[in-house]
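Chains H and X supply the protein sequences, listed in that same order. When we follow my numbering, the leftmost residue of the first sequence carries the number 290, and every step to the right adds one. When we follow my numbering, the leftmost residue of the second sequence carries the number 13, and every step to the right adds one.
Misleading hints may appear alongside valid ones.
[Said to hold, decoys possible] Capping the alpha-carbon separation at 27 Å, the derived lysine-lysine pairs in BS3-like fashion look like this:
| # | chain 1 | residue 1 | chain 2 | residue 2 |
| --- | --- | --- | --- | --- |
| 1 | H | 339 | X | 135 |
| 2 | H | 339 | H | 328 |
| 3 | H | 394 | H | 558 |
| 4 | H | 328 | X | 243 |
[What the hints assert, rightly or not] Some residues of chain X that are not near chain H, with every Cβ distance over 10 Å (derived):
| # | residue |
| --- | --- |
| 5 | 21 |
| 6 | 123 |
| 7 | 197 |
[What the hints assert, rightly or not] A short, non-exhaustive set of chain H residues, derived as facing chain X with CB atoms under 7 Å:
| # | residue |
| --- | --- |
| 8 | 294 |
| 9 | 295 |
| 10 | 298 |
| 11 | 314 |
| 12 | 318 |
| 13 | 409 |
| 14 | 413 |
| 15 | 653 |
Just so you know, the hints here were simulated from the structure itself, not pulled from any lab data. Nothing here was measured: the structure is a model prediction, and the numbers come from that model. Note that the Cβ used here is the ideal one computed from N, Cα and C, for glycine as well.
The primary structure of each chain is shown beneath.
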Amino acid sequence: MRDRITAFLVLLPSLLAVGIFVYGFIGQNLWVSLTDWGKDPAQALALHPKLRFLGLENYRELFTGFVDVRFRQSAINLLFFTLFFMAGSLGLGLLLALALDRGPKGEGFFRTVFLFPMALSFVVTGTIWRWLLQPQGGVNVLPTLFGLPPLSFPWLTTREQALVFDWNRLPLYTALVVGLVLLHVAWRAYREGERRRLLWSAASGGVLLLWALTLGQRVHLLPYPEPHGLSLALVGVILAAVWQMSGYTMALYLAGLRGIPVEVLEAAKVDGASEWQTYRHVVFPLLAPITLSAMIVLGHIALKIFDLVFAMAGLDYAPTDVPAIYMYLLAFRGNQFAKGAAIGILLLLLVAVVVIPYLASQLRREVRR
Amino acid sequence: MGRVLLYGFLLLATLFFLLPVYLVVLTALKEPAQITLDTVWRWPSPPYWESFRIAWEAFRPKFQNSLVLALSATCLSALVGALNGYVLAKWPFRGSGLLFALMLFGMFIPYQSVLIPLFHFVKAIGLYGTLSGLVLVHVVYGIPIVTLIFKNYYSEIPDELVEAARIDGAGFFGVFRRVILPLSAPAFVVVAIWQFTQIWNEFLFAVTLTRPESQPITVALAQLAGGEAVKWNLPMAGAILAALPTLLVYILLGRYFLRGLLAGSVKG
Numbered sequence: 290m291r292d293r294i295t296a297f298l299v300l301l302p303s304l305l306a307v308g309i310f311v312y313g314f315i316g317q318n319l320w321v322s323l324t325d326w327g328k329d330p331a332q333a334l335a336l337h338p339k340l341r342f343l344g345l346e347n348y349r350e351l352f353t354g355f356v357d358v359r360f361r362q363s364a365i366n367l368l369f370f371t372l373f374f375m376a377g378s379l380g381l382g383l384l385l386a387l388a389l390d391r392g393p394k395g396e397g398f399f400r401t402v403f404l405f406p407m408a409l410s411f412v413v414t415g416t417i418w419r420w421l422l423q424p425q426g427g428v429n430v431l432p433t434l435f436g437l438p439p440l441s442f443p444w445l446t447t448r449e450q451a452l453v454f455d456w457n458r459l460p461l462y463t464a465l466v467v468g469l470v471l472l473h474v475a476w477r478a479y480r481e482g483e484r485r486r487l488l489w490s491a492a493s494g495g496v497l498l499l500w501a502l503t504l505g506q507r508v509h510l511l512p513y514p515e516p517h518g519l520s521l522a523l524v525g526v527i528l529a530a531v532w533q534m535s536g537y538t539m540a541l542y543l544a545g546l547r548g549i550p551v552e553v554l555e556a557a558k559v560d561g562a563s564e565w566q567t568y569r570h571v572v573f574p575l576l577a578p579i580t581l582s583a584m585i586v587l588g589h590i591a592l593k594i595f596d597l598v599f600a601m602a603g604l605d606y607a608p609t610d611v612p613a614i615y616m617y618l619l620a621f622r623g624n625q626f627a628k629g630a631a632i633g634i635l636l637l638l639l640v641a642v643v644v645i646p647y648l649a650s651q652l653r654r655e656v657r658r
Numbered sequence: 013m014g015r016v017l018l019y020g021f022l023l024l025a026t027l028f029f030l031l032p033v034y035l036v037v038l039t040a041l042k043e044p045a046q047i048t049l050d051t052v053w054r055w056p057s058p059p060y061w062e063s064f065r066i067a068w069e070a071f072r073p074k075f076q077n078s079l080v081l082a083l084s085a086t087c088l089s090a091l092v093g094a095l096n097g098y099v100l101a102k103w104p105f106r107g108s109g110l111l112f113a114l115m116l117f118g119m120f121i122p123y124q125s126v127l128i129p130l131f132h133f134v135k136a137i138g139l140y141g142t143l144s145g146l147v148l149v150h151v152v153y154g155i156p157i158v159t160l161i162f163k164n165y166y167s168e169i170p171d172e173l174v175e176a177a178r179i180d181g182a183g184f185f186g187v188f189r190r191v192i193l194p195l196s197a198p199a200f201v202v203v204a205i206w207q208f209t210q211i212w213n214e215f216l217f218a219v220t221l222t223r224p225e226s227q228p229i230t231v232a233l234a235q236l237a238g239g240e241a242v243k244w245n246l247p248m249a250g251a252i253l254a255a256l257p258t259l260l261v262y263i264l265l266g267r268y269f270l271r272g273l274l275a276g277s278v279k280g
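Could you put the whole structure together from the sequences, leaning on the hints where they help?
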């Protein structure tokens with residue numbers, strides 16, 4: 290019995306620490322995000338600031354307020370960064386793993402080379418790529434070594450945007466995308482004969498699409514059109530992030546490929562499957578769970594990306610802005626603690642949307658075992 | 013044909029990964045006057061080793077900060093993790109599973125969502141701008157991952173060993189010292205490598221909670237490279253200095269590095 294109490298007492302400090310530093314601080318942050326801390330400069334740095342409760346005002350301002358146009362661009366940047374960073378790291382990682390799985394000479398060397406950026410800090414990576422992506426140097430003059438004309442893409446310094454759309458259309462596009470995804474889910478449920486899932490996803494997807502095609506047309510977040518789009522300056526940041534992280538996905542995929550039993554591949558061969566068919570119908574489906582967990586990890590890194598952007602473009606450069614940068618700028622340069630806290634909460638929600646279903650499914654699998 | 017394609021692809025990929033390193037090294041070895049954009053890829057003649065001396069002088073205090081920070085936080089955090097993992101794996105109590113799950117949540121949160129209260133807390137307890145403040149923060153936010161690694165590792169140790177030691181009269185700490193600790197070396201290596209790399213490379217807490225005199229090297233490097241009109245040989249030499257310790261760990265202990273990476277892959 291005494292030992293049991295000792296055991297509990299040993300664990301207690303950690304429980305308290307996590308309780309305060311994680312749950313307590315999240316709670317406090319939520320509270321701060323609902324106040325006006327920082328609106329009044331005199332109160333911002335006071336030892337005991339008097340805070341007024343504002344409700345969701347800070348959140349409303351972020352999405353529809355006049356001053357926070359930079360937050361909206363940063364949110365769009367984050368979306369595109371996450372998409373392309375994930376696609377790039379997964380794609381390159383898979384290609385590298387497939388190549389190494391064929392047992393080339395010097396496999397160990399190649400593996401070491403592809404994985405070493407993982408050991409670096411994002412700050413180091415950012416500093417290196419900032420130099421590589423100088424408009425008149427680095428990567429752009431590389432072709433001249435082979436007698437070709439230099440490239441002229443200005444990388445980080447461009448202010449150009451692609452896929453520009455009006456912020457007011459955002460709810461519409463969101464509803465369309467989510468609706469289509471739900472219909473896809475419904476279609477798969479139909480093929481698997483799961484009636485309840487079919488009904489639910491078809492109904493909710495239908496409602497969303499219907500809304501988008503009728504009432505949704507009239508929703509306006511802002512009284513004026515506000516164009517946002519994919520900042521081309523992000524291309525360089527994405528390149529650097531893929532350089533750093535694709536070794537990691539390679540390691541995951543390689544472990545997965547090595548884990549596929551030889552008999553399975555033999556069986557496919559005996560059945561007369563071509564190499565491509567074997568990959569398409571045997572290998573890739575077996576790698577799907579790895580893709581999922583890699584997506585979770587990469588998505589998680591992408592959502593809170595801060596140091597890489599800081600090192601590559603600094604805090605004050607709007608085209609490569611992401612919410613974490615804007616949050617830091619608001620809270621620790623501008624003392625706008627309430628609005629910064631609101632961005633922190635939004636990031637937490639985004640991560641929760643990604644991570645909680647994943648954790649729940651992992652947990653269920655553990656229980657089933 | 014297939015082989016040619018394979019090696020061609022691998023060669024291209026190797027260039028993609030190593031050309032940046034090549035450029036860093038050759039830029040660091042150039043005299044500032046020699047660094048012009050159209051000749052960036054030309055190897056310096058003669059190499060200007062002075063860059064490293066100047067960078068080392070500029071970065072030495074920050075390098076030491078990083079070393080003190082990473083080493084002390086790693087040791088503390090490994091110790092905490094071993095004890096927690098031992099309790100959770102060998103002395104579970106009612107509700108310990110749930111508490112563990114609640115604890116694990118801490119490694120998924122984006123730290124932006126606690127940064128503002130954390131900043132004010134560290135300030136309030138008088139640790140703002142000190143290395144010990146940063147050590148505390150790293151140890152606390154490291155608890156989930158190190159506890160996870162140790163708990164998983166200790167779950168593999170048969171309970172019979174613990175039982176036998178208890179019958180011999182060993183108590184909670186007796187079992188830990190005589191049975192568990194002697195078997196723990198691999199877990200300690202994995203945790204130490206993981207935490208050392210993470211803490212050495214960390215930036216967000218460091219830039220928020222330190223003053224210039226307690227800055228780790230990552231913050232100093234980001235500020236040097238971000239300054240206008242920098243001579244690029246210095247940030248490049250600085251980047252090499254900042255990368256060296258973790259690269260050494262990776263090259264010397266690559267196998268364990270990978271294991272930590274996969275164990276910690278949920279954290280990212």
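Going back to the hint list, which numbers does this structure go against? 4, 5, 6, 8, 10 and 15
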